[in-house]
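Chain U is fixed; fit chain B onto it per the hints.
As they're listed, the protein sequences go chains U and B.
Each residue of the first sequence is one higher than the one before, counting from 0 in numbering that gives the first Met the number 0.
Each residue of the second sequence is one higher than the one before, counting from 0 in numbering that gives the first Met the number 0.
Bear in mind the hints are in silico, worked out from the structure with no lab data behind them.
Small disclaimer: the values here were computed from a predicted structure and weren't measured.
Check the hints yourself; a few may be wrong.
Said to hold, decoys possible - Some chain U residues close to chain B (C-beta under 8 Å, calculated; not the full set): (1) Gly27; (2) Leu54; (3) Gly65; (4) Val94; (5) Tyr114; (6) His153.
The beta carbon of each residue, even a glycine, is placed where N, CA and C say it ideally should be.
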Amino acid sequence: MRIVVDVLLFLPALLFQTTLSAHFSVRGVGLDLVAVLVASLSIVQGWIWGAVGGLLCGIVMDCVFGVAGYWSLQYMLIGLAVGLANDGARRERWVLPALTVFGACALRELPVMVYLYFVSAQVSWGYALLKVLAGSAVCTAVFLPVHWLIQRLHRWDVISAPSFHFHGRKW
Amino acid sequence: MRFTQGLARHKIALLACGAVLCLLVALFGLSVTGIFKLPFLENAVSFVITPVQGWISDAYISIRSNAEKKSTIAELNEQISMLTERNRQLEATVSQMSELQKENERMRGLLGVTEVTPDVQYIAASVVAKEPGGWFATFTVDRGEKDGVRKDAPVLNDQGLVGRVMNVTEHTATILSIIDSRAAVAGMVERTRDNGVCHGSLYVNSSDEMMRMNYLPTGSELNTGDRVITSGLDGIYPKGLFIGTVRSISRQEGEDDRYVVLTTAVDFAHIEDVLIMITQEGP
Chain U
0 MRIVVDVLLF LPALLFQTTL SAHFSVRGVG LDLVAVLVAS LSIVQGWIWG AVGGLLCGIV
60 MDCVFGVAGY WSLQYMLIGL AVGLANDGAR RERWVLPALT VFGACALREL PVMVYLYFVS
120 AQVSWGYALL KVLAGSAVCT AVFLPVHWLI QRLHRWDVIS APSFHFHGRK W
Chain B
0 MRFTQGLARH KIALLACGAV LCLLVALFGL SVTGIFKLPF LENAVSFVIT PVQGWISDAY
60 ISIRSNAEKK STIAELNEQI SMLTERNRQL EATVSQMSEL QKENERMRGL LGVTEVTPDV
120 QYIAASVVAK EPGGWFATFT VDRGEKDGVR KDAPVLNDQG LVGRVMNVTE HTATILSIID
180 SRAAVAGMVE RTRDNGVCHG SLYVNSSDEM MRMNYLPTGS ELNTGDRVIT SGLDGIYPKG
240 LFIGTVRSIS RQEGEDDRYV VLTTAVDFAH IEDVLIMITQ EGP
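Isolated chain U (complex conformation):
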């Protein structure tokens, strides 16, 4: 049941991200709803789920925009980093998740910046810094209420009933 609910959460997020997100961004800084969901579910469900979920969402985005590895690398990094950093942490705490989401959102921009540096793209350091910091801040701000909702959702009995066991963990 959990997986079904998570897939149902990801579908509208993916559609929003590919169609509407760019309309609401200012100079390339905008909300990445898929990243927020990957981070939140990676804390709730564990880092393996976060990494795999991020990878699958990223593959869909890669197929839409025609660059293999670009989005899948970013979302898998977020799922893995946030999930590992919060593995076993108490769920009531908010500072560590918020900090790790900010850090992971900044970290995922690194491969793109390296690529843009090597192709001599006309990107200033000022823009790169603003984009990374502001983008991560927006994602962190949206992450907090979304994470609160997802935690509530996953505590609901119907949803929290495990579908199967894998790697010694209920899924």
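Showing chain B alone in chain U's frame:
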């Protein structure tokens, strides 16, 4: 401590994740250089997702255009009279140009110059997805190989040059717009005929800069408002497509880093429909 315990517990899973991450880095590198593609997967995903994206984009555009409909009847009447006047002026210009074209053909005939204008056709396409990351200015349209779209085909709209086809699947095409920081277009200042290269740019400044023109000749005397068109020297875009106008000039006597900032002809923030050139025999 907790973190290291977590790592020790799932060594195999972590190693697998590390391997996948390395693979993704390699795929990204190969994909941006054009060596690696996922044609089957891209076709399958675009076949399923493109119609849904089209509906969402249409719904958004419809809501936005309804919200923007604030014009009163008086304003609309004023616009109609202004457009009627503009139409008259354009009709006069077209008639004049038609005469010039005939004269040009006669002269060409006298000189024995062969007509080189290629047979150009256009396909209209709607934008269904926009790259949300902010680093790249690419978008996806709902036309693909089955409609005759080919890689590197120039893309424009009623305002001017939009970009070129970067990637094409059976049902969709990804467009690399001219404001992408990786894009370059051979441009020419229409008035002075000075050649340069127009780059998309990502800079933080007060003018909200999106495009620069570099490598202009030392002696060129440009003014703000000068029109910049494609020169055709890059072998991708045909000559004469409107790129934008000169907004500001950053050049002084003896300065090495000389460039002009352009205002693009196309409003990339509100781009909805484009035309893809499907037949082009070269500039």
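Quick rundown of the hints versus the structure:
1. Given the 8 Å rule on beta carbons, the hint for glycine 27 (chain U) holds: about 2 Å separates it from the nearest Cβ of chain B.
2. At a threshold of 8 Å, the smallest CB-CB gap from leucine 54 (chain U) to chain B is about 7 Å, leaving the interface hint in force.
3. At its closest, the beta carbon of glycine 65 (chain U) sits 3 Å from a beta carbon of chain B; the interface hint therefore holds under the 8 Å criterion.
4. The interface hint given for valine 94 (chain U) is violated, since its Cβ lies 15 Å from the closest Cβ of chain B, which is over the 8 Å cut-off.
5. Nearest Cβ of chain B to the Cβ of tyrosine 114 (chain U): about 7 Å, under the 8 Å cut. The hint holds.
6. Hint on histidine 153 (chain U) is violated. Least Cβ distance to chain B is approximately 20 Å, over the 8 Å limit.
When each numbered hint is compared with the structure, violations occur for hints 4, 6.
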